[in-house]
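Visitor: Sequence:
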Amino acid sequence: MNFRNMTVRAKLGAAFGGLAILVLLVSGLSWKALSDANTAFDHYVTGINARGDVAQTVRTAVDRRAIAARNLVLVTTPQAIAEEKAEVVKAHQDVQERLGKLKAMIAGADDSSDQARTLVKEIDAIEAKYGPVALAIVDLALNGKRDEAIAKMNEECRPLLAALIAKTREYSRVTEKRAQQMVDESAARFALQRNLLLAACVVAFLAATLAGVLITRSLARALGAEPAALGDAAQRVASGDLSPVPGAAAAHGSSVLASLATMQANLAEIVGQVRGASDSIATGSTQIATGNTDLSQRTEEQASALQQTAATMEELGTTVRHNADNASQANQLAVGASEVAVRGGEVVNQVVGTMKGINDSSKKIVDIIGVIDSIAFQTNILALNAAVEAARAGEQGRGFAVVASEVRSLAQRSAQAAKEIKTLITDSVTQVEQGSALVDQAGHTMQEIVDSIRRVTDIMGEISAASREQSTGVGSLGQSVAQMDQVTQQNAALVEESAAAAQSLQLQAQQLVQAVAVFRLPVRDGMALAAPAAQGIRPAPRTTMPQPARIPVERRKTPRIGSPASGQAGQQHTRATATAGGDDSWESF
1 MNFRNMTVRA
11 KLGAAFGGLA
21 ILVLLVSGLS
31 WKALSDANTA
41 FDHYVTGINA
51 RGDVAQTVRT
61 AVDRRAIAAR
71 NLVLVTTPQA
81 IAEEKAEVVK
91 AHQDVQERLG
101 KLKAMIAGAD
111 DSSDQARTLV
121 KEIDAIEAKY
131 GPVALAIVDL
141 ALNGKRDEAI
151 AKMNEECRPL
161 LAALIAKTRE
171 YSRVTEKRAQ
181 QMVDESAARF
191 ALQRNLLLAA
201 CVVAFLAATL
211 AGVLITRSLA
221 RALGAEPAAL
231 GDAAQRVASG
241 DLSPVPGAAA
251 AHGSSVLASL
261 ATMQANLAEI
271 VGQVRGASDS
281 IATGSTQIAT
291 GNTDLSQRTE
301 EQASALQQTA
311 ATMEELGTTV
321 RHNADNASQA
331 NQLAVGASEV
341 AVRGGEVVNQ
351 VVGTMKGIND
361 SSKKIVDIIG
371 VIDSIAFQTN
381 ILALNAAVEA
391 ARAGEQGRGF
401 AVVASEVRSL
411 AQRSAQAAKE
421 IKTLITDSVT
431 QVEQGSALVD
441 QAGHTMQEIV
451 DSIRRVTDIM
461 GEISAASREQ
471 STGVGSLGQS
481 VAQMDQVTQQ
491 NAALVEESAA
501 AAQSLQLQAQ
511 QLVQAVAVFR
521 LPVRDGMALA
531 APAAQGIRPA
541 PRTTMPQPAR
551 IPVERRKTPR
561 IGSPASGQAG
571 QQHTRATATA
581 GGDDSWESF
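FYI, the numbering for the sequence shown is 1 to 589, going by full-length UniProt numbering.
Each hint should be verified, as a subset may be incorrect.
Lysine-lysine pairs mimicking BS3-like chemistry, simulated, CA-CA at most 25 Å apart [as the list claims (entries may be wrong)]:
#1 Lys177 x Lys152
#2 Lys129 x Lys101
#3 Lys145 x Lys85
#4 Lys32 x Lys90
#5 Lys121 x Lys101
#6 Lys145 x Lys121
#7 Lys103 x Lys177
#8 Lys32 x Lys85
#9 Lys90 x Lys145
#10 Lys101 x Lys152
#11 Lys103 x Lys90
#12 Lys90 x Lys101
#13 Lys85 x Lys121
#14 Lys363 x Lys422
#15 Lys145 x Lys103
#16 Lys145 x Lys129
#17 Lys177 x Lys121
#18 Lys152 x Lys85
#19 Lys90 x Lys177
#20 Lys129 x Lys177
#21 Lys177 x Lys101
#22 Lys103 x Lys129
#23 Lys152 x Lys103
#24 Lys422 x Lys364
Everything labelled a hint here was simulated from the structure, so no lab data went into it.
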């Protein structure tokens, strides 16, 4: 990838990334050098130097044990013998412990040489021989055998002691030689790591210098000017000064300064076009606002008239429903009257039958009264005959004559009563017959009443059905008018919102004109760069219409004009209005 084609982020990232890698490399080399030095020092202190110190303590303990054994042979007092014996025992224990520690350190060390391991084994072998001899000398000295102890010391102990001391000295020389070798290796590693660090530092310095030069040249080429000059040019554009950017002609074509100059030129042209278009928009929005206001007034008047019509239809529907209810109630009353008349006819028929029965009974009573009258007449005749016979009898028949006279008197009164009863019965029969005739007439009249009530019931049923149909029709008509009123009110709300939107558009157009007026355009051929203003369109004249009594119109929720569909429709309608003119468009709408 070409360095010039890289982005500023990529260039800075690559430069600082490379420097970071070099810093990490130098840090890694330093850490490696310190780690190696620390490891070598640790091996020296805890390894060969510690083993040399332990070997030296072994030699010291051997010397102490030899001196104590010799003194034990030479001293004669019991106290001195006891002290030297204790010193021999302690020195022997020290030799065993320190020699065991040295063997353990040699066995666990991974940096010890084969020669050192062999010397430790030889020292251990000599100590295995020398230790029993030294203890035997101590036993001889304690038992008073000084001559044998001295002879054993000279013959056996001294050669073994000399060999043990020689091996310990040789181990010390080997340890010193290995320590010097480690010092030389550490010096060589230090020199190598020092050279590597110096080389890495030089490379890092050169890389940082080269990256700084390349990035500086690249940024200067990309910016085209100093950041302060770029900020001043951008501030001029931000404040509305769209005059040419100074120094842009000499800048590279892909620099920020050249791009800023191109932006200034394009922005000046766009602002000129926007300034002309904003004037046209302001004029058109004023006309739209005027037309929408007129349309809103007309729509409100239409909504008011429809609302009055809806109220009238509501009252008419209420009246029709009231008539239907009254017709239904009258129908129910007629049905009830018909039923009552039918029941009255049945009762009259029963009365006619009863009157006929009474008439028949009266006739039978008349017959019975005739029989009674006949019986009274015959009784009177018999009483008369009895009186004649009593008169013929003379004095003997006087009592019988009295009885006959009384019987005759009773018979006459019975006959008179029977005549009176017959007269009454006859009058009653006559009245019953007249009543029967009247009842018959009443029955015929009730039948006629029943028939008339049935016809009235049928007529009232037809009236009720017609009233229900009228109520249904008036209700449907009222719903239609209510729907028309609702749609008209929605249209009125939409028109009001459209008027509000037009007024808002007019205000925004004025704000746009004011905002564009802030920019100062460059002068070309003595004229400022600007688009031609749109020719004004005459606003629509407001026509007057008869205004009915206003009824408050309830505003219903309607879809927002700002929706996509309504916005497109509003734009198309605005364009059509602006194209066709004011008077005809609004009148036709």
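Visitor: Look at each hint and say if it fits the structure.
Guide: These are the hints, each one checked on the structure:
With a C-alpha separation of about 37 Å, the suggested pairing of Lys177 with Lys152 is violated against the 25 Å cut-off. With a CA separation close to 19 Å, the supplied pair Lys129 and Lys101 stays within the 25 Å bound. Proximity of Lys145 to Lys85 is assessed by CA-CA distance (about 15 Å); at most 25 Å being required, the pair is judged to hold. Distance restraint check for Lys32 and Lys90: the Cα-Cα separation of roughly 47 Å exceeds the 25 Å cut-off, and the hinted pair is therefore not satisfied.
At most 25 Å may separate the alpha-carbon atoms for a hinted pair to count; Lys121 and Lys101 meet this at roughly 13 Å. Distance restraint check for Lys145 and Lys121: the Cα-Cα separation of roughly 34 Å exceeds the 25 Å cut-off, and the hinted pair is therefore not satisfied. Distance hint between Lys103 and Lys177 is fulfilled; the C-alpha atoms sit about 20 Å from each other, no more than 25 Å. Restraint check for Lys32 and Lys85: the C-alpha separation of about 55 Å exceeds 25 Å, so the hint is violated.
Taken as a hint, the Lys90 and Lys145 pair is honoured in the structure, with Cα atoms around 22 Å apart against an allowance of 25 Å. For the hint pairing Lys101 with Lys152, the CA-to-CA distance comes to about 29 Å; that exceeds 25 Å, so the pair is violated. A C-alpha spacing of about 20 Å is found between Lys103 and Lys90, which places the hinted pair at or below 25 Å, so the restraint holds. Of the supplied pair hints, the one linking Lys90 and Lys101 holds, its CA atoms being roughly 16 Å apart against a limit of 25 Å.
Proximity of Lys85 to Lys121 is assessed by CA-CA distance (about 28 Å); at most 25 Å being required, the pair is judged violated. Under the criterion of a C-alpha separation no larger than 25 Å, the hint pairing Lys363 with Lys422 is consistent with the structure, at around 10 Å. Between the alpha carbons of Lys145 and Lys103 the distance comes to roughly 36 Å, so the proposed pair goes past 25 Å and is violated. Taking the CA atoms of Lys145 and Lys129, the gap is near 21 Å; set against the 25 Å cutoff, the hint holds.
Simply put, Lys177 and Lys121 have alpha-carbon atoms about 19 Å apart, close enough for the 25 Å limit, and the pair holds. The hinted pair formed by Lys152 and Lys85 meets the criterion: a straight-line CA distance of about 17 Å does not exceed 25 Å. A threshold of 25 Å between alpha carbons decides the hint, and for Lys90 with Lys177 the separation of about 32 Å lies outside it, so the pair is violated. Between Lys129 and Lys177 the alpha-carbon distance is near 29 Å, which puts this suggested pair outside the 25 Å criterion.
Annotation: proposed proximity of Lys177 to Lys101 holds, straight-line Cα distance about 22 Å (limit 25 Å). In summary, the hint linking Lys103 to Lys129 is supported, as the alpha carbons are separated by about 17 Å, within the 25 Å threshold. For the suggested pair Lys152 and Lys103, the alpha carbons sit about 29 Å apart, so the restraint of at most 25 Å is broken. For the hint linking Lys422 to Lys364, the alpha-carbon distance of about 11 Å falls within 25 Å, and the restraint holds.
Hints 1, 4, 6, 8, 10, 13, 15, 19, 20, 23 from the earlier list are contradicted by this structure; the remaining hints agree with it.
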